[in-house]
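Visitor: Sequence:
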Amino acid sequence: MKAEMQEVKADMQGLKADVQRLDTDMQEVKVRVKKIELTQENEVLPRLNTIESCYTSTYDRYKDSVEEHESMKQDIDILKKVVTEHSEKLQRIS
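The opening position of the sequence shown corresponds to residue 18 in the numbering used here, with each subsequent residue numbered one higher.
In case anyone wonders, no lab produced these hints; they're calculated from the structure. Take these hints with a grain of salt, some might be off.
Unchecked claim - In silico DSS-like links for lysine-lysine, alpha-carbon gap of 25 Å or less:
{"hint": "1", "residue 1": "47", "residue 2": "33"}
{"hint": "2", "residue 1": "80", "residue 2": "90"}
{"hint": "3", "residue 1": "19", "residue 2": "33"}
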């Protein structure tokens with residue numbers, strides 16, 4: 018019985034040492050995670066926001082340009098028709 022108790026104590030000591038190592042490892046992981054979080058917050062996210070802002074403004078400019086281009090195409094088509102009509106009228110007059 019005494020030998021079994023000694024064995025249980027030895028097992029408990031081993032478990033305590035394992036838990037201590039896990040606790041130390043966990044503390045190291047927490048420190049690393051905190052550093053990662055700070056890097057994301059202070060470096061990565063601001064850069065991503067800048068990139069997003071650039072892409073968004075570029076998209077808006079292109080979208081506006083496309084709409085303007087379509088409007089200009091319609092105006093040019095109308096001008097072509099009017100010039101053609103006027104040319105025909107001028108030819109008939111002369």
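Visitor: Going back to the hint list, which numbers does this structure go against?
Guide: Violated: none.
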